[in-house]
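**Q** All chains should be modelled from the sequences, with the hints used to inform the complete structure.
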Amino acid sequence: MVRTAFYSDCKPPYFTWQCAPDLCQDYASIVEYLVVSFAHLSRQVLDEAPLLPSMHFRHQPQFDTAIYEAIFGCLVRFGMPQTRMEMLGRQVFRASPFANQPLFDAAF
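In my numbering, the protein residues as written are 1 to 108.
No false leads were slipped in.
Quick list of the computed label-pair ranges, beta carbon to beta carbon:
| id | residue 1 | residue 2 | range |
| --- | --- | --- | --- |
| 1 | Leu75 | Ala106 | 36 to 44 Å |
| 2 | Arg43 | Thr65 | 18 to 26 Å |
| 3 | Asp22 | Leu88 | 27 to 35 Å |
Hints are computed from structural coordinates only; laboratory data are not their basis. Where is the CB? At the ideal position from N, CA and C, for every residue including glycine.
**A** Have a look at this one:
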């Protein structure tokens with residue numbers, strides 16, 4: 001349904017959420033749920049709100065844009081070429097305060 005990718009070598013690094021272009025507006029609620037869930041999970045992993053330079057959605061807004069900007073804490077644009085969440089590299093590449101190295105090692 002929706003494919004997520006992370007581009008770590010870009011400045012700033014960013015995540016994308018992609019679906020079929022003809023289903024972009026139909027999947028808007030699902031994509032918004034996934035993006036907000038990711039932002040919420042990031043808060044738990046980082047132990048602080050993610051610092052987002054910008055948030056882009058491919059679809060058109062379903063609510064007032066101010067609601068989205070309050071949720072993400074940054075400028076949110078709609079009708080963009082892709083759904084994209086930019087994050088500050090200093091947050092993305094630092095160790096999580098909740099990291100468990102032995103568990104990570106066991107998983108790989």
